[in-house]
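Engineer: Sequence:
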Amino acid sequence: MNLMATFHKVNSPIPDWLIIGTIQDDKGNVVYDFGPHGTSLNQWWNSQTDDFQLDYVNQFAAVMTKQIVDNL
Numbered sequence: 216m217n218l219m220a221t222f223h224k225v226n227s228p229i230p231d232w233l234i235i236g237t238i239q240d241d242k243g244n245v246v247y248d249f250g251p252h253g254t255s256l257n258q259w260w261n262s263q264t265d266d267f268q269l270d271y272v273n274q275f276a277a278v279m280t281k282q283i284v285d286n287l
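The opening position of the sequence shown corresponds to residue 216 in this note's numbering, with each subsequent residue numbered one higher.
Keep in mind that the hints were calculated from the coordinates and are not lab data. Any given hint could turn out to be false.
[To be verified] Now the in silico label distances, taken between C-beta atoms and shown as ranges: (1) Ile-283 x Val-225: 16 to 26 angstroms; (2) Ile-283 x Asp-240: 35 to 45 angstroms; (3) Ile-229 x Gln-263: 30 to 40 angstroms.
Even for Gly, the Cβ is constructed at its ideal location relative to N, Cα and C.
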C-alpha cells in the first residue's frame, strides 16, 4: 500500500485531523479515496470497535507515559 498521495490537516474549531487523498496499491491503482473534503479521523475512530480502539489506546498510553516522564 502507498500513502504518498495523502496529506493531513487539522480541522477547527474542534481539533480533528482530516486525512485527504488516496490509498494506492503497489502498482499505483487507487484502492481507496478519502473524498474531496477528506475523512475525519474523529468520526472514523468513533466508528471502530471497542477492541480495535483499546489496542491503540494501549499503544498510545506507552507513548504518552514516556512523553510525560521525559518532560518532568
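Engineer: Run every hint past the structure and note whether it holds.
Structural biologist: Hints and how they fare:
{"no.": "1", "hint": "Ile-283 x Val-225: 16 to 26 angstroms", "verdict": "holds, 22 angstroms"}
{"no.": "2", "hint": "Ile-283 x Asp-240: 35 to 45 angstroms", "verdict": "holds, 39 angstroms"}
{"no.": "3", "hint": "Ile-229 x Gln-263: 30 to 40 angstroms", "verdict": "violated, 19 angstroms"}
When the structure is compared with the earlier hints, a violation turns up for hint 3 alone.
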